[in-house]
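Work out the full structure, taking the sequences as your base and the hints as a guide.
Spelled out from the first residue to the last, the chains are:
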Amino acid sequence: MVMKANSNPSFLARNLWSGIFFGIGLVAFFDETVFHQILHWHHFYDKSTLGIGLVSDGLFHALSWFATIGGLFLLADLRRRNAFWLKRWIGGMLLGGGGFQLYDGTIQHKLMRIHQIRYVENVMIYDLIWNILAVVMLIISIILIVRTQKDSKPLRGKDSHA
Amino acid sequence: MHNEHVYHGNGIAYELILLIAFLLVFVVYILASFISNRHYKRWPLSRTIFWVVGILCLAVTVVGSLAEQAHIDFSAHMLGHLLLGMAAPLLIVLSAPMTLVMRNLHVKRARQLSKFLKSYPIRILSDPIFASLFNVGGLWILYTTDLYSAMHHNIVLYFFIHVHVFLAGYLFTAAFISIDPTPHRTNFIYRTIVLFFSFANHGILSKYIYAHPPLGVAKAQAEMGSMLMYYGGDVIDIVLIYILCLQWYRFKRPVGPWLST
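As given, the protein sequences belong to chains A and B, one line each in that order.
The first sequence begins at -17 in the numbering used here and counts up one residue at a time.
The second sequence begins at 3 in the numbering used here and counts up one residue at a time.
No false leads were mixed into what you were given.
Only pairs whose alpha carbons sit at most 35 Å apart, straight line, appear in this in silico DSBU-like list of lysine-lysine: (1) B/Lys110 <-> B/Lys43; (2) B/Lys120 <-> B/Lys254; (3) B/Lys43 <-> B/Lys254; (4) A/Lys135 <-> A/Lys69; (5) B/Lys117 <-> B/Lys43; (6) A/Lys92 <-> B/Lys221; (7) A/Lys29 <-> A/Lys92; (8) A/Lys29 <-> B/Lys221; (9) A/Lys69 <-> A/Lys132; (10) B/Lys254 <-> A/Lys69; (11) B/Lys43 <-> B/Lys120; (12) B/Lys117 <-> B/Lys254; (13) B/Lys254 <-> A/Lys132; (14) B/Lys254 <-> A/Lys135; (15) A/Lys69 <-> A/Lys92.
If you're looking for bench data, these hints aren't it; they were derived computationally from the structure.
Encoded structure:
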């Protein structure tokens, strides 16, 4: 009998990680193209940036490229093993994307002051929208992850009794 | 600005020697690939193209108008360094020069060379962590101390630093994605982590230069150069990450009828 690939715990984790990586990369890419390059809202460098902000920016900038490319290669690997699970993967993507966006909107923008979303008077509104969107993504991701976790259990149970 | 060079009188002779050297390595590589084709599988044309473009990157950095401009314009200098320290090493690593050397050596000599490549000092030199420190560490010293301005007043220093930038870039690239025989190949996770930190380090240094221009560099020029370093570095790093992931993907291909994890 061919075991259903989805129920393999290692693939369950790998679908999640592939999604998380891709989500981080996607949000970072969106941030870079839309807010830095097209709208020019974000600044390349803000004079009030703390030293730690520079380090954090460098780390997450590097992470975003690694995550995008590595996440997609993980996905390709899952597909060739017939183990790709879209629902689980989207859960991971929203977790990675939402988590990164929340970190960016609170710690990087506010605490480390690497740059503001836009250089206007009531930046508060922008901050609120940015962070609420991140929290919404996180909530959906948790629902998806919990559900797929449950879906995979009966299958594994059946396998062990067979 | 006082980035004027000290050796203008000898400039022509100096450039001529470099040009002849570059032409020589072109010819030697192509000849070596033809000669070895008689005994082995055909040498891929793509590798020859990588070699030719890689050497061209080196040449435009040290000879001609970009090299000239680099003495007075920090952005031109940075473009040169991207070509010399990142693009040229990547292309030359992909041209598999060591494999070509091995194909052209007598078995006995090839064994000696292979024994040398397996030795302890080479092991250290080709380790990702050492190669990263050598590469990005060197850049921190160049741009955050007086070395950058001193380089433009001393031809020996200028020469040494440019050779260092290229060699460090080559060792660095080879440590992660070499397609030559690599007796000291480290595992993928280790290479990924080290490449990640050196990539981050490169980005941090870029923005640091934006805020703290090197001695003798005007603020506006430092800002342009910094952004060029940041985004130009991204382009090469994306290629590096892609190749590293591709090597992992091929290495991990499922074998046999069972789907392994």
